[in-house]
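The listed protein sequences correspond, in order, to chains Y and R.
When we follow our numbering, the leftmost residue of the first sequence carries the number 1, and every step to the right adds one.
When we follow our numbering, the leftmost residue of the second sequence carries the number 249, and every step to the right adds one.
These are computed hints drawn from the structure, not numbers from a lab.
Built from N, CA and C at the ideal position, the CB exists for glycine as well.
It is possible that some hints are incorrect.
Unchecked claim - Pair ranges (Cβ atoms, derived):
no.	chain 1	residue 1	chain 2	residue 2	range
1	R	Gly404	Y	His189	39 to 49 Å
2	R	Ala308	Y	Gly196	46 to 56 Å
3	Y	Arg27	R	Lys473	52 to 62 Å
Claimed, not checked - DMTMM-like cross-link-like pairs, simulated, lysine to aspartate or glutamate; straight-line CA separation at most 20 Å:
no.	chain 1	residue 1	chain 2	residue 2
4	R	Lys447	R	Asp417
5	R	Lys491	R	Asp417
6	R	Lys459	Y	Asp4
7	R	Lys447	R	Asp421
8	Y	Lys136	Y	Glu235
9	R	Lys447	Y	Asp4
10	R	Lys491	R	Glu479
11	Y	Lys139	Y	Glu127
12	R	Lys459	Y	Glu235
13	R	Lys491	R	Asp421
14	R	Lys459	R	Glu479
15	R	Lys447	Y	Glu235
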Amino acid sequence: MRVDGLAIVLRPRSQGEACDLGLALVRSQAASIWRCFTLLLLVVAVLAMCTVELGGIVPILILFWLKPWLDRSLLFVMSRAVFGEATRWSDLWRARRQVFGGQFLRTLLWRRFSPWRAYTQPVEQLEGQRGAARRKRVKLMLNDNRGAATALQVTFAHAEAVLGYALIALVWWFAPENRNAGVWDWFFHPDAHAAGQLGLDIATASAYALVVLFLEPFYVAAGFAMYLNRRVVLEAWDIEQEFRRAFT
Amino acid sequence: MSSHPATPAPRIDTLSPAETPEGIVLSLRPAGLVSRTMAFLLDLFIRLILDLVLVMSLGAFGGLGGLGFGLMLIGMFLIEWLYPIAFELGRSGATPGKQAVGLRVVMDTGLPVTPAASVTRNLLRVADFLPLAYAFGIVTMLLNRDCKRLGDLAAGTLVVYAQPVVLHDAPPDAPPLAPARPLSQGEQAAIRSWAGRAKRLTPERFEELAKLAAPALPAEVPGEKPRGASERLLGVAQWLMGKRT
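The following block holds chain Y by itself, in its conformation from the complex (with noise of 0.2 Å):
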């Protein structure tokens, strides 16, 4: 890693503001941001619409359990985006193999129920650690960052849920006057209305997945900004870059 190259100021920081840093990356690279996200999130998202017909829940319970394999190509997007760099489609393609196909199994079993898994992510998938190896490391980076971890975690699953039902709750803000009602009717008694139950099986999933596109950049950022932090505090990166910048 080259810390002089970094386009982020490295400075002491608390957890929860490195988390406000990872934010502000995000607004400075959106357009390579989402340039990559959409186009994999649609493709995801309407393969997950496919098994409506096997539940009305089925689509999000998919998108939900496919986010830690999303956040890969989000993170391959941030590691770049760090350098300033911008990330086009082609690059994420070129990087297929590293993005989509490592750690499969882990990212999708036991990763998914972790609490802090943006915050460790980078451990598996920049660093590459295995095994015993990865293990010692993540106990490192959680040591005194648990709570701030967690914390994380705990914002952007509130965010996640409130702006879920705000988009559904919009639909009934802005139908006309005398419709909303029959809004308020069609979430309650779907099969009564013309769009019936699998309308409202594929608003719900598609408001979700929505929610998805905007939130989890932002979230995979944040957790990537703490890792930096955490390496800040344990090797002194803000002064490497310092340095770096004035004497070479």
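Following the hints, complete the assembly by docking chain R onto the known chain Y.
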């Protein structure tokens, strides 16, 4: 990983500059979604407990008949709307939740929050929690570079971290050494903060960093016992801090 960009763009940081009337630029550190959500959840919990106490104490006064119910609603209204204002105008400039997370509310200029601004930002919470539970607040906090919600934008306030994070301690003692060339302020600050990290880094990493600062290192004096880069740079740090003998 990649090549250096040809024209260095301004590096991304989270600071928000504010200029005082004296022409001094303060760097405020605005707090973003994660810290503020944690503070909000704590405050919500405290407000719920206050509401519960209110309901139970009114219940003790002969049930919740017409008047009791009315008083309860008025009390809940006051708790919901006056709780943040009362605390923000207090000494700490923060509600208990914000205080626990280490945040405080200030004006854009870094001055303490004024009563009018506090009332404005808290009345506009209505706009932020549309359509449900702070949806607009979350979106604006994520997209605004100073992490402001709509109420903050209208009132010109900022939620900032109250205390800076300090990672350095007193630097270890060393005989002072003049640097090999005059150093800029930034370079001096970097060397001083490097020296302050001595206790937090492994000796190997400490030495590795000192070697990066080679251009500033004074040459070894012939005849004396050779000293490592970190020992010499510690001497420079002491010299920069004014020690001369």
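> Which hints, by number, does the structure contradict?
Replying inline: Of the numbered hints, just 9 does not hold.
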